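Taken in sequence, the protein lines are chains A and B.
Take the first sequence: its position 60, counted from the start at 1, is 85 in my numbering, and no numbers get skipped.
Take the second sequence: its position 47, counted from the start at 1, is 155 in my numbering, and no numbers get skipped.
Take the hints with a grain of salt, since some may be wrong.
What the hints assert, rightly or not - Result set (SDA-like, lysine to any residue): computed pairs, CA atoms no more than 25 Å apart in a straight line:
#1 B:428 x A:382
#2 B:213 x B:492
#3 B:324 x A:361
#4 A:365 x B:483
#5 B:359 x A:378
#6 B:324 x A:265
#7 A:365 x B:174
#8 B:359 x A:387
#9 B:324 x A:370
#10 A:365 x B:463
#11 A:288 x B:469
#12 B:428 x A:385
#13 A:365 x B:406
#14 B:428 x A:378
#15 A:365 x B:179
#16 A:288 x B:176
Stated by the list, open to error - Label-pair ranges, simulated between beta-carbon atoms:
#17 A:282 x B:479: 40 to 46 Å
#18 B:395 x A:254: 43 to 49 Å
#19 A:139 x B:166: 51 to 57 Å
#20 B:246 x A:376: 37 to 43 Å
#21 A:340 x B:139: 56 to 62 Å
#22 A:310 x B:319: 40 to 46 Å
Honestly, the hints are just simulated from the structure, not real lab data.
All figures in this text were calculated on a predicted structure; none of them were measured in a lab.
Idealized CB from N, CA, C, for every residue including glycine.
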Amino acid sequence: MKPEESEYAKQKLSGVSRRDFLKFCTVMAASMGLPLSAGAKIAEAITAVKRPPVIWLSFQECTGCVESLLRANHPTLEHLILDLISLDYSETLSAAAGHQAEAAKEASIKENKGKFILVVDGAVPTKDNGIYCKIAGKTALQILNETAPHAAAIVAMGSCASWGGVAAAAPNPTDAKGIPEILAGKTVVTIPGCPPSPYNLLSTLIHFLTYKKLPELDSKGRPKFAYGRLIHENCERRPHFDAGRFATQFGDDLHRQGACLFKLGCKGPETHANCPSLLFGDVGAGSWPVGTGHPCFGCTEKGVGFSTPLHTLANIGAFTPPTFFTEAFPDKGVVPGGVKAFAAGTAGVVIGAAGAAMLTGLGKKGKDGKDSGSGDNDHGKEE
Amino acid sequence: MTDFTKFAGPKLGGALNKLMDDRHSDHLGIKMDTPFTRVLIMLILGAVAVAAYRVIFGLGASTNLNDYWPWGIWIAFDVLGGVAMAAGGFIIAAMVYLLNWKKYKCIVRASILNAFFGYLLAALSITLDIGRSFVIWHPMVMWQVNSIMFIVALHVVAYTSTLATESSPMIFEKLGWNKALGWVNRCMVGIVLFGVLLSLLHQSSLGAVYLIAPSKLSPLWYSKHIPYMFLISAIMMGLSMVSFETILTSKVFNHEAPKDVLDGLAKGVVFFGSFYTLFKFGHVITGPGIGALFTSGFLGFMWLLEMAVGIVIPCVLLAKKSNRADLNTIFVANIMVIVGVLLNRLNVGVFGVSDYANRVGGDYFPSFMELLLTAGMIAFAILGFKVCAKYLNLFPEDHH
Numbered sequence: 026m027k028p029e030e031s032e033y034a035k036q037k038l039s040g041v042s043r044r045d046f047l048k049f050c051t052v053m054a055a056s057m058g059l060p061l062s063a064g065a066k067i068a069e070a071i072t073a074v075k076r077p078p079v080i081w082l083s084f085q086e087c088t089g090c091v092e093s094l095l096r097a098n099h100p101t102l103e104h105l106i107l108d109l110i111s112l113d114y115s116e117t118l119s120a121a122a123g124h125q126a127e128a129a130k131e132a133s134i135k136e137n138k139g140k141f142i143l144v145v146d147g148a149v150p151t152k153d154n155g156i157y158c159k160i161a162g163k164t165a166l167q168i169l170n171e172t173a174p175h176a177a178a179i180v181a182m183g184s185c186a187s188w189g190g191v192a193a194a195a196p197n198p199t200d201a202k203g204i205p206e207i208l209a210g211k212t213v214v215t216i217p218g219c220p221p222s223p224y225n226l227l228s229t230l231i232h233f234l235t236y237k238k239l240p241e242l243d244s245k246g247r248p249k250f251a252y253g254r255l256i257h258e259n260c261e262r263r264p265h266f267d268a269g270r271f272a273t274q275f276g277d278d279l280h281r282q283g284a285c286l287f288k289l290g291c292k293g294p295e296t297h298a299n300c301p302s303l304l305f306g307d308v309g310a311g312s313w314p315v316g317t318g319h320p321c322f323g324c325t326e327k328g329v330g331f332s333t334p335l336h337t338l339a340n341i342g343a344f345t346p347p348t349f350f351t352e353a354f355p356d357k358g359v360v361p362g363g364v365k366a367f368a369a370g371t372a373g374v375v376i377g378a379a380g381a382a383m384l385t386g387l388g389k390k391g392k393d394g395k396d397s398g399s400g401d402n403d404h405g406k407e408e
Numbered sequence: 109m110t111d112f113t114k115f116a117g118p119k120l121g122g123a124l125n126k127l128m129d130d131r132h133s134d135h136l137g138i139k140m141d142t143p144f145t146r147v148l149i150m151l152i153l154g155a156v157a158v159a160a161y162r163v164i165f166g167l168g169a170s171t172n173l174n175d176y177w178p179w180g181i182w183i184a185f186d187v188l189g190g191v192a193m194a195a196g197g198f199i200i201a202a203m204v205y206l207l208n209w210k211k212y213k214c215i216v217r218a219s220i221l222n223a224f225f226g227y228l229l230a231a232l233s234i235t236l237d238i239g240r241s242f243v244i245w246h247p248m249v250m251w252q253v254n255s256i257m258f259i260v261a262l263h264v265v266a267y268t269s270t271l272a273t274e275s276s277p278m279i280f281e282k283l284g285w286n287k288a289l290g291w292v293n294r295c296m297v298g299i300v301l302f303g304v305l306l307s308l309l310h311q312s313s314l315g316a317v318y319l320i321a322p323s324k325l326s327p328l329w330y331s332k333h334i335p336y337m338f339l340i341s342a343i344m345m346g347l348s349m350v351s352f353e354t355i356l357t358s359k360v361f362n363h364e365a366p367k368d369v370l371d372g373l374a375k376g377v378v379f380f381g382s383f384y385t386l387f388k389f390g391h392v393i394t395g396p397g398i399g400a401l402f403t404s405g406f407l408g409f410m411w412l413l414e415m416a417v418g419i420v421i422p423c424v425l426l427a428k429k430s431n432r433a434d435l436n437t438i439f440v441a442n443i444m445v446i447v448g449v450l451l452n453r454l455n456v457g458v459f460g461v462s463d464y465a466n467r468v469g470g471d472y473f474p475s476f477m478e479l480l481l482t483a484g485m486i487a488f489a490i491l492g493f494k495v496c497a498k499y500l501n502l503f504p505e506d507h508h
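This is chain A alone, in the form it adopts within the complex:
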């Protein structure tokens, strides 16, 4: 770090020791799966004199995503918006209101053309020219199309912004669509979830600030560090799945004992997210839906959350459920049909072959005995 920068950091982070600050940077690096050396780079990036401007647009949403962000504590919200980024527009968090807020947004866009980060939560209604969501007299569609072309990076926060989420659930009365659909052709990072873990957004933003580029994304625009694996793969209840111990009713014995929730309709096997490893709310183990005994709803996966009923069984793509899923430790007194038939068939062939051989072979004893006897004599002569 250069001396003037650390001076700036000291001033800005009064009360935060250098040690704590670097620790935070290293934790952020680790949560994105980056090497430890990245911690230093992150520290450099976020102590840079000019904080990167962020414009946060909210459309058809419930403010859950922002609420989720408010609960982050490393960094805390105040640390985030006062020290890390310059949150120039947010309906929920702006001190300003009305025309003042709109003016601030206009000014920021003008000043930071091509440099600001655009975060959007909520879906965009498109039916009837998008009249079902209006802010300051403009439809969401207009606002988005005005703002997006000037952004350096666009992040769709939450399932609604990612593909429509609950707003686009059938019958989708407003014809709501996700941001990637509206801004077809542009790279839009999606952070699906209802709400998503704030750290997935923070990590993405900090990655962008540090390396001046977006983290690696999958085909749906989701950062791979957060959405690269199925919930099922890292689920703390996975051993119960593998052992065949399933809760079959809410509150039954196995449910109380923390068994697998697959049969209650858990969508973990088809949902990509890091919930089991990242958890929610920074309150320790078990603080995520499956951890508290509720099946995964599939909120981060288009076509699962808000689309399939909660109680339906998830498709297990990577692992076909074996027949023993019916019972945990079946004490079947009966032999399964296939091997029973095979054993019976084999026994039949054995008895048949032996019996036929004995009946035919031993019956002919007298007559053939003479023939083979003469054969023996001939053979003796030859030798």
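Starting from the known structure of chain A, arrange chain B on it as the hints suggest.
Same frame as chain A, now just chain B:
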């Protein structure tokens, strides 16, 4: 007969002419174009198609195997059974080349050839049964000396090559390659010694494969002595197989069965069979207890069937001297021993693990393709033997 020098040039054509010369076996009266041969060829073609399907689409598509039932009839019947059927090769080779029991010389070639086919089929089946057939050669260069599987792989390769070498004099004779013939004959005792060593190890190591599965294999079969049980039953099976083959060839070809040889083989079956009976009952009494035969459901029945058909009845039949003089009785006893020991291998490989597999929800009935491949393998062995009997000097005693 076709003259191959016309098609393949004087050198290769000449060699082919010599190979295809079947005048010496005219007296056997072997006809190649029979309905039976056609059926065999159909089965072989079917098996080839199955093998291709297996290689292209994988085990899941072609077999009824799954994670809970990973070893089916390709292992239990083709490999365990095929190798046991091949045991005759090393026993007769040892009797003739090492112990110099001359009267068995007339069957040594047939039994070694039979063993060669048995091992060839086992090797083919193992290749198709492992998940990645094309890396079957890995154990040869990537040694895992702590694994029984490694021992099995090494033995199959080494012993199949040994059997090929032991059979090679028949071909060299035919081609008139006297130099090569001389070499092989000079090394024969060493080769046979090596082969006997490998066989003793290999027959038992197939049983030793199951040593690691005490929780899977039913206690009726699981024993720390299972390698020895495999070895002894394989010796019984080998003797019976050779005897069976000798009688069968005498029945279908115009070829006289040497009765004193068959009597000797039958005595061997009784000797080893009696010991095996004591061994098996001793195991059941000291292990799970006799009562387990009647309380383990169909497994107890399978055990009793295997013992009755494979061991007790044939031994009782052959124990009587007058019965051993009767070809038909020996033949019947041979069939029973072969069927019984094959049943033993199926019991160990398939039925004996059903309790365990059932506990985790597994079930198994061989798929059509598994059965067809097995049938094709057997057909290949029969046809191969027939072809060799026609074109090679398989029964040298008839020639003198």
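(request) Output the numbers, in ascending order, of every earlier hint that fails for this structure. (result) none
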